[in-house]
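Protein chains in written order, with this note's numbering: chain A, 3 to 251; chain B, 14 to 438.
Keep in mind that a hint or two might mislead.
To be verified - These stretches of chain A come out as covered by chain B in the derived footprint (C-beta under 8 angstroms, 3 or more residues):
| id | segment |
| --- | --- |
| 1 | 93-103 |
| 2 | 109-119 |
| 3 | 138-147 |
FYI, nobody ran anything at the bench for these hints, they're computed from the structure.
The structure presented is a predicted model; accordingly, all values stated were derived computationally and were not measured.
Where is the CB? At the ideal position from N, CA and C, for every residue including glycine.
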Amino acid sequence: MTTSRPRFLAFRAFAARPLAAAALASLSSIAAAQARAPASIPDTLEQRVAACIACHAPKDTAGTRAGGVYFPRIAGKPSGYLYNQLVNFREGRRQYPLMTWMVNHLSDPYLREIADHFASQHPAVPAPPPAHEPAAVLARGEQLVRRGDPALKVPACIACHGEHLGGVAPGIPGLLNLPRDYVNAQLGAWRNGVRRAHAPDCMATIAARLDPGDVAAISAWLAGRPTPPGLRPLERAGHPLPLACGSAP
Amino acid sequence: MTRRLLLPAGALLAALVALVIAAALAWPREQYIAAASPEAWAATSANIARGAYLARAGDCMACHTARGGAPYAGGRVMDTPFGSLSTPNITPDRATGIGRWSADDFWNALHNGKSRDGRLLYPAFPYTSYTKVSRADADALFAYLRSLPPRQAQNRPHALRFPYDSQLALAAWRLLYFKPGVFEQDAQRGAQWNRGAYLVEGLGHCSACHSARNGLGGSDAGLGGGLIPTVGWYAPSLTSDSEAGLGKWKEDHVVQLLRTGVAPGASVTGPMAEVVAQSLRHLSEGDVRAMAVYLASLPGTPSARREPAPRPPQQVLDQGGRLYRQHCLACHGANGEGLGPYPALAGNRALTLAEPVNAIRVVLNGGFAPATAGNPRPYGMPPFSHVLDDAQVATLVSYLRASWGNAAAPVTSAQVNRYRAVPLD
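Here chain A stands alone, though its shape is the one from the complex:
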């Protein structure tokens, strides 16, 4: 296969092809014929879902950290979680019109296949952007993530999302290497009832107990945490979840 990267990201490789073609042409007429033929499009799932990479790549084509904008990382999240989100967009339990548009007429089996594909991807993780929040905010964030707040009846994030925040198969996402604004938006959407999950919707319950300051503290602290190399979702939760969750049975 000449192009393992999806085609629309491969324009630089395409531009370089005439040189390679010239070199091959002298070797054999078959090679020359192949080089003249239109570049073939690989019949792969990666190529079919290349559209997703336009937003969800670790870096955009200009080399900017794409996640630093808004769009969440999807690579390496548990497949069940990704599948639930794709279906949630299609069924209106999550609100992002462009995502609903993309998955609107895709079937469950295809969405499952797409989820499996991205769950199996583990690209190199860029270093987190430096945190600018005051130390007290970050300390509050760390407290909520690691220990929770019994007074608010808010469990620690790590109680469900894994000791190292890498998520738990099949349905609980990792929380590292996500843009701060994205995490803010999700907790806000849960507070407002705009993002929903299968009942009982544990995250809606928890988000309702957080005030905007706590949300900002959690997202700031999470966004500044480096991702340990080789971090993967846990195979299963080591202990019962503190709340019943419809999407993490």
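Position chain B against the provided structure of chain A, taking the given hints into account.
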């Protein structure tokens, strides 16, 4: 003196208005055809299966289901230039659905556009097309809807502006644009043609989108293409070869496009993707072929004489070419020839429509063709709304419309901006 003249004039005007209103209300816009027998809507598995198929052909579920909601329980809000309509619950719930309806009530809605309580229905429910459905098919549809699990879901009121919210306005509209009547076979044509015509003009209600509507929402029921109001897509003409006319198209490819969502050089998007996903992919090959045969037989509309399009300035072409090479070339080819599953842009009719909205929206939003049995794992196109600004999209689309033999007018960033703001859902 003036007063004495005004009074009789006023009275005359009032009398005239009253007369028009009386005529509008009294004008026969109803037609009753009896069911063959009560067996026609009996809850037999044959009736129910036939009704389920006809419901697919009529795409009933698409409008009568809210996103993520129970099938046929209504609640989808449809924006129109006259306000928004909320589709009703047509499950057999007795309190909130059509559980108390008789087969005659259902026929009356489908054929005459009247609800069980006598209210006139809004033609967003395309009874101007459904009126062509035979009584036997209406009865099978009724048997199917009666077989659905009842869902309790209260209908929400429409939010239409005055005067569109009045029954009187509707009566007047019907006087102008609606005449009930079932489809009549054309004895000069074969069974396949007649079947196709019945589906296209009746349950398929293709003209609901593929014909232009006037300021009152009336259409000529032709298939000459039209902008779908508020949705922000252009449904191309099915009779003009410069748009989506079938004249130069292989019948097999038309059938393939309608049943699988993709065909050589073409794929469906926007509202048509929904039609394929919810309706056409469920129909038999024979029925879809009949529709293609009928559509291909329609007299071609001579392409409207378009003024030769102004060519974009060289600077726009240069900048557009750069954007093309950066973002599009890898899939659509160095000469717009299209690679593999990605359609050619050279000679692409969807791209060069006089109305550029579809081209603009495809660049902004990308998207996937619907997943169908014939194309279960569609290829996608990335959205560019977050990568390119309005001026860049305008430059790129202008370039595409003026390259490789394409000769359509350039677009402006104001046009791009307008369609960037149209809700996607």
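Consistency of the hints with the structure:
no., hint, verdict
1, 93-103, "holds (count 7)"
2, 109-119, "holds (count 4)"
3, 138-147, "violated (count 0)"
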